[in-house]
Amino acid sequence: MKITLKDGSVKEYSEPKSVIEIAADLSEGLARAACAGEVDGVAVDLRTAVDKDCSVNILTFNDEEGRAAFRHTASHIMAQAIKRLYPDVKLAIGPSISDGFYYDIDSEEPLAAEDLEKIEAEMKKIVKEALPLKRFTKPREEAIAFMKEKEEPYKVELIEDLPEDSIISFYEQGEFVDLCAGPHLMTTKPVKAFKLTSIAGAYWRGSEKNKMLTRIYGTAFPKKADLEEYLQKIEEAKKRDHRKLGKELGLFMMSDEGPGFPFFLPKGMVLKNTLLDYWREIHKKNGYVEISSPIILNRHLWETSGHWDHYKENMYTTVIDEQDYAIKPMNCPGGILVYQSEPRSYRDLPLRMGELGLVHRHEKSGQLHGLMRVRCFTQDDAHIFMMPDQIRGEIKDVARLIDEVYSLFGFKYHVELSTRPENSMGSDEDWTMATDALRGALDDLGLDYVVNEGDGAFYGPKIDFHLEDSIGRTWQCGTIQLDFQLPLRFEMEYIGADGEKHRPIMIHRVAFGSIERFIGILIEHFAGAFPTWLAPVQVRVLPISDKYIDYAKKVSGALLAAGIRTEIDLKSEKIGYKIREAQLQKLPYMLIVGEKEEADGKVSVRSRSDGDEGQKTLEEFLVSIQEEIRTKEIKKMKTEK
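Everything in the sequence shown is counted per UniProt numbering, starting at 1 for the first residue and increasing by one.
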């Protein structure tokens, strides 16, 4: 049989081989690092036998599917430890996730954070036992009986939801057996570096109508050093938590009177408006016009758009004049009504319409998280209406604009192309054309991307931009969605060069995504120390004593007149206290004024990036800070250089 490897080379074998045997034949080091295999694109166990011509890829921890197999094995080890310590616990589900794993359990006696150490100790014993993981299968009815005998009702429910002719797979390690599709490691032995990180509540199957279970989170790595690096990153993330910094820096607040509905405080509004000013600046430069559409529109509109059928569970609805209305979860239908407000010609296209629209979406209370997951937010939408031959050029222009935005803030990013989901509308032909157009634009730009099968919007495929922050976390923000469906459903038209009516094609796109979420990301990315152009307060003037308040006010007045966002500290405190307070507020600049400064007509400059910069004339300082603001420079701290 012929085995085609990832690099395109071919290995020939005269008899069947397991994936691990193929890995060992290629390299002993590769076999030691292997976590799973991939046969003809399907992730499998290393013990899987290969007996015919196919493609084989050996997956290590560096591969997403390999990492998933490693951490899924860790979740089984945790479940086994829990069952050893608490035999009456009922197991629900325990998948791997992007940065670790979790297991949902039902326990009569609630577990607390103090119990995690005990579970970890039992997990270490299981790892030392080097228990082989063995896969076996049962027909559906036997599988149900098997799990009933083990008194695992959640597993029984999962199996009962499967078709009657299903063959159900299980994994066994020592005395522990779990319902699982796999793949898994060969034994428990490699999972040496792990940590249980937190404990939380989670509804069974994510529904508030179901029982609240206990969810235990953890993470695992092949090497202790990698685990320690990850845990340090988590500690750093806690220090940067936007909820904590948002409160300390006076940016935003949340209230029990409106869960998931953020309040922006005065400094937060300065930050938000500065971002929106930048948004307007770059969109004007790139040929966009700005519109605003109503927050509430009637049911007929949402039925036409498809949202009433495909998205209603996430929408807030109301009744006005005995008719159903909805608060908009998206801006696109309003943008379409603006397009249709007057006849359009091919000479008007492409028409780029931007909207900073306030949208509302119903998020479950357990999923709300500061500014990152809210129930109302400002979406920096734009809708581009165009002819078929303009698609590729417009997509490339949007991708360049998004690149400009992310580069300004110092974000790296990667790109995903998301294809047709199951819950979609439109013809196969339209979906193929739309997907090929996005793929072609990415290829023209030379952007590396991965294909995310089945994760497109219900009306079209999309390109997602996942940005990486200063401590290596990724966030999905920008998106470009190509839509043939809404122009059809709304019977949109333009008059072509031939004098005939034609249907435009539509791009939905965002750069920031949710302004609120982007602000949350920026708070954590910069740890609250925003670049000067973005900082709510750019300069604080600190008089050494009350005797120099008049001179401090003169300096402050000159800065304010020059458009610099300035505060003056008039508290009767020692200068050391005032400096420390300004440092805690992460202000870019402090100007200290006393007898010498007043006599010389100067200011003593302290910057967040360089510390004490000595005395300067006010004119010198103004020139330098205005240039820093104009260029939107990001200054690194001395320790970061």
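These are calculated hints, taken from the structure and not from any lab test.
Some hints here could point you the wrong way.
Said to hold, decoys possible - In silico PhoX-like links for lysine-lysine, alpha-carbon gap of 20 Å or less:
(1) K233 <-> K195
(2) K17 <-> K247
(3) K267 <-> K632
(4) K150 <-> K195
(5) K632 <-> K554
(6) K128 <-> K90
(7) K224 <-> K412
(8) K238 <-> K223
(9) K602 <-> K635
(10) K267 <-> K247
(11) K574 <-> K553
(12) K52 <-> K2
(13) K233 <-> K128
(14) K124 <-> K195
(15) K192 <-> K211
Each hint, compared with the structure:
1. K233 <-> K195: holds (14 Å)
2. K17 <-> K247: Given that 20 Å is the threshold and the Cα spacing comes to 60 Å, the pair is violated.
3. K267 <-> K632: Answer holds: K267 to K632 is near 19 Å, not above 20 Å.
4. K150 <-> K195: violated (28 Å)
5. K632 <-> K554: violated (27 Å)
6. K128 <-> K90: Given pair K128, K90 is violated - Cα atoms ~25 Å apart, limit 20 Å.
7. K224 <-> K412: violated (27 Å)
8. K238 <-> K223: Measuring from Cα to Cα gives roughly 23 Å; hence the hint is violated.
9. K602 <-> K635: Distance of about 24 Å is beyond 20 Å: violated.
10. K267 <-> K247: holds (11 Å)
11. K574 <-> K553: Since the Cα atoms of K574 and K553 sit roughly 18 Å apart, the hinted pair holds (cutoff 20 Å).
12. K52 <-> K2: Since the Cα atoms of K52 and K2 sit roughly 7 Å apart, the hinted pair holds (cutoff 20 Å).
13. K233 <-> K128: Violated, because 28 Å separates the two Cα atoms, which is more than 20 Å.
14. K124 <-> K195: With Cα atoms ~11 Å apart, K124 and K195 stay inside 20 Å; holds.
15. K192 <-> K211: Given pair K192, K211 is violated - Cα atoms ~33 Å apart, limit 20 Å.
In summary, the structure is inconsistent with hints 2, 4, 5, 6, 7, 8, 9, 13 and 15 from the numbered list given earlier, while agreeing with the others.
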